[in-house]
Structures are given as C-alpha cells and as structure tokens.
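Let the sequences and hints guide you as you build the complete structure.
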Amino acid sequence: MNNLHFDQIDETLYHEQLDNGLDVYILPKKGFSKTYATFTTKYGSIDNRFVPQGAEEPISVPDGIAHFLEHKMFEKEEGDIFQQFSTQGASANAFTSFTRTAYLFSATGQVNENVRTLLDFVQSPYFTEKTVEKEKGIIGQEITMYDDLADWRLYFGLIENMYQNHPVKIDIAGTIESISHITAEHLYTCYNTFYHPSNMVLFIVGAAEPEEMMALVRDNQAQKEFPPQQDIKRLYPDEPVEAVIKERSLRMSVQKPKVLVGMKPIVKDLSGREMLKHELAMQLALELLFGRTSDFYHSAYENDLIDESYSYEFSLEQGFGYAMVGSDSSEPEKLADEIASTMDRAAEMWPFGAKDLDRVRRKKIGTFLRALNSPEYIANQFTRYKFNDMDLFEVVPVLEDMEVTDLQEAFASISGSEQRTVFSILPSKKSSQ
Amino acid sequence: MFDTITITDGVNLHVNETKQFKTVSIAIKFKTGLTAGKAAARSVLANILQHSNENYPSHTALRMVLDDLYGTSLYIDATKRGSEHIVSLNVETVNDQYLSEDGVLEKVLNLMHLILFKPNFENDLFKETVFNREKNVVKQRIESIFDDKTRYAQHRLTELAFAGHPASISANGTITDVEVLTNEALRDVYRSMLTEDRIDIYTVGDLSAETVAAYIQRYFPFGSRTPESVQQHPEIPLPAAPRVTETEDMKQGKLHIAYTSPVTFRDEKFPVMQLMNGVFGGYAHSKLFSNVREKESMAYYVSSSYSSQFGLLFVLAGIDQAMDEKAVRLITEQLDDVKKGNISDEELGQTKALLTNQLKEALDSARGQIEIYDQYMNLTPEFESAYLIEKWQQVTKEEIADAANDLSLHMIYFLTGQEGEPNDE
Chain P
1 MNNLHFDQID ETLYHEQLDN GLDVYILPKK GFSKTYATFT TKYGSIDNRF VPQGAEEPIS
61 VPDGIAHFLE HKMFEKEEGD IFQQFSTQGA SANAFTSFTR TAYLFSATGQ VNENVRTLLD
121 FVQSPYFTEK TVEKEKGIIG QEITMYDDLA DWRLYFGLIE NMYQNHPVKI DIAGTIESIS
181 HITAEHLYTC YNTFYHPSNM VLFIVGAAEP EEMMALVRDN QAQKEFPPQQ DIKRLYPDEP
241 VEAVIKERSL RMSVQKPKVL VGMKPIVKDL SGREMLKHEL AMQLALELLF GRTSDFYHSA
301 YENDLIDESY SYEFSLEQGF GYAMVGSDSS EPEKLADEIA STMDRAAEMW PFGAKDLDRV
361 RRKKIGTFLR ALNSPEYIAN QFTRYKFNDM DLFEVVPVLE DMEVTDLQEA FASISGSEQR
421 TVFSILPSKK SSQ
Chain S
1 MFDTITITDG VNLHVNETKQ FKTVSIAIKF KTGLTAGKAA ARSVLANILQ HSNENYPSHT
61 ALRMVLDDLY GTSLYIDATK RGSEHIVSLN VETVNDQYLS EDGVLEKVLN LMHLILFKPN
121 FENDLFKETV FNREKNVVKQ RIESIFDDKT RYAQHRLTEL AFAGHPASIS ANGTITDVEV
181 LTNEALRDVY RSMLTEDRID IYTVGDLSAE TVAAYIQRYF PFGSRTPESV QQHPEIPLPA
241 APRVTETEDM KQGKLHIAYT SPVTFRDEKF PVMQLMNGVF GGYAHSKLFS NVREKESMAY
301 YVSSSYSSQF GLLFVLAGID QAMDEKAVRL ITEQLDDVKK GNISDEELGQ TKALLTNQLK
361 EALDSARGQI EIYDQYMNLT PEFESAYLIE KWQQVTKEEI ADAANDLSLH MIYFLTGQEG
421 EPNDE
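These protein sequence lines are chains P and S, in that order.
The first sequence lines up with residues 1 to 433 when you count with the numbering used here.
The second sequence lines up with residues 1 to 425 when you count with the numbering used here.
These aren't lab readings, by the way, just hints derived from the structure by calculation.
Hints may be right or wrong, so weigh each one.
Label-pair distances were calculated between CB atoms; the ranges are [claimed, not checked]:
#1 P:SER417 x S:GLU246: 51 to 61 Å
#2 P:LYS268 x S:ARG367: 48 to 58 Å
#3 S:THR380 x P:LYS429: 34 to 44 Å
#4 S:GLU325 x P:GLN53: 39 to 49 Å
#5 P:ASP358 x S:ARG367: 50 to 60 Å
#6 P:GLU129 x S:GLU246: 35 to 45 Å
Mimicking PhoX-like on lysine-lysine, the simulated pairs with C-alpha atoms at most 25 Å apart in a straight line are [stated by the list, open to error]:
#7 S:LYS269 x S:LYS391
#8 P:LYS130 x S:LYS339
#9 S:LYS269 x P:LYS30
#10 S:LYS326 x P:LYS136
#11 P:LYS429 x S:LYS107
#12 S:LYS295 x P:LYS136
#13 S:LYS31 x P:LYS130
#14 P:LYS355 x S:LYS295
#15 S:LYS22 x P:LYS386
#16 S:LYS326 x P:LYS134
#17 P:LYS76 x S:LYS295
Ideal Cβ placement from N, Cα and C applies to all residues, glycine included.
Okay, here's the thing in structure tokens:
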C-alpha cells in the first residue's frame with residue numbers, strides 16, 4: 001500500500017491497485033464518525049456504442065441503458081439491497097452521469113459489513129426479463145418527472161443545441177420509448193464490458209482505519225474470479241466545432257422565462273495535468289467574466305436582467321464539454337445579448353491582469369479547502385479526476401502556478417461566436433400569471 | 001457538544017471547540033414570533049444586509065472583500081421553525097493555520113460587524129435603489145416556487161390545508177406582503193431585530209470559548225433584551241375542502257397528503273413519531289417505498305416526512321396522472337398496516353439504525369451541528385446524540401401502531417396535468 005501525505009492540507013491518502021486491476025483509495029478523516037464509500041465504474045450514458053467483451057464488432061445499445069442498469073443492480077434474487085444496507089444502518093444510493101456510474105453508502109457503524117455489501121452487490125449481477133419489465137414503470141415515472149422540471153429541460157435543451165452527433169445530447173435516463181427495448185441480455189452485455197474491476201475505483205473516506213480496511217478489500221476481491229479484460233473499445237462519432245442550433249425555445253408551465261447561453265469548447269481530448277490546468281483556468285476566467293464581482297454581474301443585477309437563479313459553469317470531459325451562463329429573466333433576449341457581447345469584448349481585448357487573477361485564485365483555493373470538509377466532495381471529485389488521469393490533490397499547486405495568459409488561452413477555446421448557442425424556456429399561455 | 005455562555009439577557013453564545021474541520025464556522029441567529037408581514041420584511045432585510053453596507057456600498061465591493069478573505073462564504077437566510085422566524089448570518093472561513101497569512105478571522109468578524117451594524121443607509125433609511133431591488137428579488141424568489149411542481153404542490157397543500165395558521169406561512173411571506181413593505185417599516189424591523197430578538201450565536205472550529213467570548217463582546221455589542229416567548233401550539237383549523245385537485249400544464253401527477261398528529265416536538269412521544277414516520281415512508285426500506293414504488297412500480301419517488309413543530313405528517317408521491325385513486329388507496333393500505341402493528345423486527349431495527357446513522361452523520365458537518373443543536377437544545381440544554389439514540393432504542397411496535405392510530409387524515413391535494421398542445425417551437 002502506498003501513502004501520500006499532503007502537508008498543506010494535512011491529509012494522507014492511501015492507495016493500492018489490486019491484482020484484478022481495481023484501484024482502491026482510502027482517506028481517513030480525523031474526528032469524523034461517518035464513513036462514505038463510492039464504488040464507481042467508468043461507464044456512463046455516452047457509452048452507447050462499443051465492442052462487447054469477447055466480441056469483435058461494435059454494437060449499439062438503447063438510450064438510457066447505463067442508468068437502467070444502475071437501477072437493476074439493487075435487485076437480487078434474495079431481495080432488495082437497500083434493505084440490507086438499512087439493516088446495517090447505512091443509507092445507500094447511486095447515480096449515473098454522462099461518463100460514470102457510482103454506487104455509494106454512508107454509515108456511522110458496521111463499516112466493514114457495509115463495505116463488503118457494496119463490493120458484493122455491485123459484483124453480482126442478477127437480471128431477469130420479469131424484473132427488467134417491472135423497472136420500466138418506475139423509470140418511466142422518473143423520466144416523466146424530469147420532463148416537468150424546467151431547469152433540467154433548460155440544461156438539456158442547451159446541450160442538444162450544441163451537439164449534433166455526440167451521445168452527450170441524449171438524456172441520461174433515455175426516453176420511455178428507448179427503455180422499452182431494454183432486455184436482460186442487454187444489461188448483461190453492458191455489465192460484462194464495463195464492470196470489470198480494472199475499469200473501476202473504490203474510494204473510502206471518513207472514519208476508516210487504512211491498513212485494516214485495505215486488508216478487508218484485498219481479501220474480498222481475492223475470493224472472486226474475474227475473466228481477463230480486453231481493452232474497452234468505445235466508439236464516438238465525429239463532432240463539428242460549431243454549435244448545431246443557434247437558438248431555440250420551448251414553452252412550459254413557468255412563471256418567468258429562463259435562458260441559458262452555451263459555449264461549445266474546441267475539445268482537444270485533454271487528460272492529466274494539462275486537462276486539470278485547462279479546466280481550472282477556464283473556471284477562473286469565467287469567474288472573472290461572469291462571477292459575482294464581475295462588471296457583467298453588477299450591471300445585469302442592477303438592471304434586473306438576472307435574479308437569484310443566475311448561474312454559470314464549465315464542465316470538461318474527454319471528447320465533450322460545455323460552458324453555460326444564464327438565469328430566469330423577464331428579458332431573456334436582452335440578457336443573452338449582454339452575455340454574448342461580454343464574450344466578444346473579452347475575446348477582442350482580454351481585460352484582466354495579475355491582480356484580478358490573484359483575487360479569484362485566493363477565492364478558489366479557499367473554496368477548495370472548505371470543500372475538503374465534505375467526504376462526498378472528496379470521493380466524487382477524486383474519482384471523476386482519476387478517470388481523466390487528473391489528481392484532486394494537485395488543484396492547489398496548479399492554481400498557484402497559474403498565469404494570466406493561461407486564462408486567456410483557455411478562454412480562447414470557447415470564445416468563437418460560431419460555438420455559441422442560446423436556449424430559452426418561455427411561459428405557456430395558461431401559466432403566465 | 002456546545003458550551004453555552006450567557007453574554008447578556010436574551011443573548012447566548014454556544015461554542016464547540018474542535019479540530020474536526022479545516023474551517024471556522026460562525027452563525028448568528030435572530031429569533032422572533034412569526035407573522036406573514038414580519039416574514040416578508042425580514043426576508044427583504046436579510047437580502048439588503050447581505051448586499052452592501054456603509055463601508056462597502058456595492059455588492060461588488062463586498063464580494064471582492066470576501067474573495068480576498070480566501071473565498072469566505074457569507075450569507076444571510078430567513079427561515080421559520082414552528083411559530084418562530086429566524087434570520088441567520090452564516091459564515092465559514094478557512095482556519096488561519098492552513099494559510100500563510102494570519103488575522104483572516106478578525107477581518108471576517110469585522111466584516112460581520114459592518115454587515116449587522118453599519119447598513120447602507122441614506123437619510124436614515126436603506127438606500128432606496130437597494131431597497132427596491134431586493135424587494136423585487138424576494139418577490140421573484142416567492143414566484144419561482146411555481147416552476148418546481150413538487151415544491152409548488154406542497155406550497156398549495158399547506159396554503160389550503162392550514163389557512164390562517166402559522167404552518168401555512170412561508171419563511172419569505174407573501175408577494176403582497178413584500179409589495180406593501182415600506183422603507184420606514186423595514187428600518188423599524190431592522191432595529192427591533194438587533195435590540196429585541198432572542199439571539200443565539202454559534203461557533204464551530206479550533207477556537208476556545210474564552211477567545212470567542214472576547215471576540216463576540218468586541219465585535220457584536222448586543223444589549224440585553226427580554227424576548228417574548230413564542231406560542232408553539234395554536235390549534236390547527238379544518239380545511240375548507242378535504243380534497244382538492246388543481247391542474248397545470250405538466251405530465252406527472254403530484255399527490256400530496258397531510259395528516260395531523262397530537263404529538264409534537266415537545267411531546268414525550270416525539271421519538272415514537274420519528275420511528276412511525278421512518279417505518280411508514282421515511283426510508284428506502286419503508287412500507288411506502290417497498291410497496292408503492294418497488295412492488296407496484298407506480299412511482300419514482302414516494303415518501304413521508306414528519307414536521308414535528310405542529311405535529312404534521314406529509315406524504316409526497318410523483319405518479320401517473322390517471323392513477324391518483326389507486327395511489328391514495330395503496331398509501332392508505334400502508335398506513336393501515338402500521339396502525340395494525342404489522343411491523344417486522346427487521347423494519348423496526350432498520351428504522352432505528354437509520355435514524356441513528358442520519359443524526360450522527362449530520363453532526364459531521366459544522367452546519368449540521370449548529371442546526372441540530374439549535375433545535376434540540378429546546379428539549380434538553382445538554383443535548384448529545386446519545387440522548388435521542390437512547391430514546392429511539394426503547395420504542396416498541398405497539399407504541400408505533402398507537403402513534404399511527406392517533407393520526408387524522410387532514411387533506412389530499414393533487415396537482416395534475418391536462419391535455420396540452422405540442423409545446424415545441
């Protein structure tokens with residue numbers, strides 16, 4: 001077992017890669033009574049075309065299958081895994097994103113039993129046609145619920161505007177139609193391809209004794225047999241740089257219009273420290289341009305163009321990404337124009353210097369240190385970083401090395417007007433109050 | 001968990017000296033009796049104070065200082081608990097020891113002082129543009145509930161089910177209450193908040209009680225006060241109609257049911273009701289989740305929650321629009337099961353284990369410690385998690401069944417969609 005001590009933040013991270021390829025990380029937190037564990041596979045909604053294990057030709061699977069599989073992992077022949085976690089005093093959950101499926105629990109007792117349960121249930125698939133059919137009703141209601149969520153429709157509407165071919169434009173849960181085609185056999189194919197230990201990370205944080213915990217995991221894994229894993233071949237279509245749809249809107253039952261402006265990055269398939277640096281530089285650049293201390297924010301707030309729902313974010317993965325800025329606004333077109341012209345001005349002449357960078361850097365470092373109080377943040381972020389060969393504990397050093405030109409360069413990858421798109425949700429006639 | 005020091009009459013300081021976190025958290029809570037008008041005024045006030053002050057007259061100037069203080073998080077919120085309205089100034093800042101510079105904490109305290117005592121006044125009133133702007137923001141916040149249909153349905157249920165009762169008052173008041181608010185009235189509310197409210201101050205972090213007490217006296221010179229005691233048990237009125245269906249342009253039906261119970265937070269059977277709620281619908285092993293969701297596949301979410309201040313139990317479910325009758329029947333069947341005492345040893349054990357886990361987990365965050373202690377110190381000033389855990393352990397199936405039998409169905413509310421035109425443009 002290796003351990004890495006981070007002086008500046010006073011944390012020690014323990015790591016071991018087991019014989020079957022599983023990466024195990026343990027981060028003990030002093031004074032915590034809670035243990036939080038995530039068991040994550042690098043498999044998400046975008047992995048809908050791939051070469052199955054043991055096969056040579058790629059296949060396409062129905063939209064929403066990674067999320068469907070996540071639901072079905074909890075049901076076993078002997079019953080529901082939630083029940084077992086409850087009996088052991090743990091609350092369990094799971095989520096599926098574009099790129100990952102994570103299973104997790106948090107508990108303040110019986111930690112060893114709960115870790116074993118987590119490993120065992122994720123590593124023992126059990127699907128039958130009958131249980132698959134039953135789940136379609138539940139997930140159908142989940143999809144319907146999201147259909148009514150204006151903020152979700154806004155977010156996805158913008159991504160659909162940006163992407164022409166890439167599966168990121170497909171809703172993570174799929175549609176009621178697409179999930180109707182899912183069979184138990186599909187689930188086994190996806191499971192066998194993506195749930196091999198060598199494609200997964202186990203992260204345990206909080207109350208944990210590292211030596212003892214690592215021995216438990218090692219022992220649990222040694223008792224199971226896994227076939228040798230061939231490289232996973234995932235196929236993604238070519239994607240143009242331009243946003244596919246420039247502008248689109250949808251009517252829904254909302255009291256006030258909602259608008260998002262998106263910027264589709266020129267994606268360069270970054271990974272490792274380079275990707276970390278690019279991502280942080282972009283976040284700092286957006287903070288300066290659109291953060292709460294920016295000229296843009298000040299003027300938009302004072303002129304009533306934005307309200308408390310205002311937000312901006314940047315997200316980057318291998319092969320896709322997006323930056324978005326928006327708010328509920330009674331003047332969505334005017335707000336979209338202001339955001340666009342703020343982008344254009346910054347592209348023409350970068351308005352920020354060392355002093356500005358220093359301020360947002362301090363803010364970012366402080367925010368990061370605060371986030372390290374949260375076991376959930378550490379486990380989820382560390383895993384996301386790891387799947388992109390980045391290291392969570394490099395954040396502070398990379399921020400310290402950042403220069404103004406790095407922000408400018410990062411910004412240049414989203415600033416072209418052809419990369420930009422606008423999506424809005426407008427009140428339906430009945431619901432305008 | 002916290003050591004309490006009386007600073008002066010009506011002002012108490014609660015300190016938890018701990019190395020558990022890399023930060024220092026501070027909360028100052030102003031508490032007074034709840035009315036809709038006061039709730040509206042104090043929400044606007046919370047926004048104004050957090051927007052700017054005499055030394056930092058713009059939002060940007062204030063936020064830049066916070067950025068410079070290593071992104072110190074500072075916000076003021078307006079909430080309610082039972083018949084009480086609470087305005088909290090919440091701060092979390094990095095502990096100096098992880099930084100290369102000292103004195104960050106004192107700068108933060110000084111900023112908190114400015115926010116509370118040196119508002120952005122013009123001619124003895126809040127600056128008019130800020131006043132109007134923040135009134136507008138709170139109005140928009142109230143309006144935005146409509147966009148989230150689950151929140152909106154719950155809002156409508158409480159409005160219809162508890163009209164005229166504090167349970168129906170939102171922590172932000174109503175749009176009308178915000179609209180009629182004058183600058184003069186708000187200034188008076190501000191002054192009375194500082195001089196008349198009951199105040200509880202919390203710190204969590206690597207700071208001793210003596211250090212904190214000295215800081216508090218220096219930066220927050222609150223005078224003594226005799227806060228009114230807040231009445232917690234007004235009678236709950238019967239709703240005008242026991243069952244209401246409303247429609248909006250949407251796809252999923254939102255079924256919300258309210259029950260009343262004679263057991264409130266201060267009742268000795270309070271821990272029994274917590275277990276009753278857990279067995280019925282509080283968790284993923286509960287009767288509602290395992291039967292209505294897992295067995296019948298008719299909902300993605302279905303759960304119950306116990307609102308202990310007034311003894312209310314709510315059930316929430318997102319269901320197919322045509323299935324409301326069946327859902328009501330299934331939910332009633334699950335409750336009947338609890339009433340009959342059909343509770344397995346496993347269900348009882350699971351619920352006790354999860355309540356315990358949830359409480360201990362919440363105490364792993366500074367904010368969780370503050371919020372839980374602020375509520376439970378009313379039960380016992382020496383509150384520790386062991387106090388409740390012990391009570392839960394003693395609860396029997398018979399007591400849970402009795403608690404379920406004491407529930408009365410109060411109102412069923414259903415928000416549903418209707419045939420709409422295709423809405424893509």
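Hints breached by this structure: 1, 2, 3, 5, 8, 9, 11, 13 and 14
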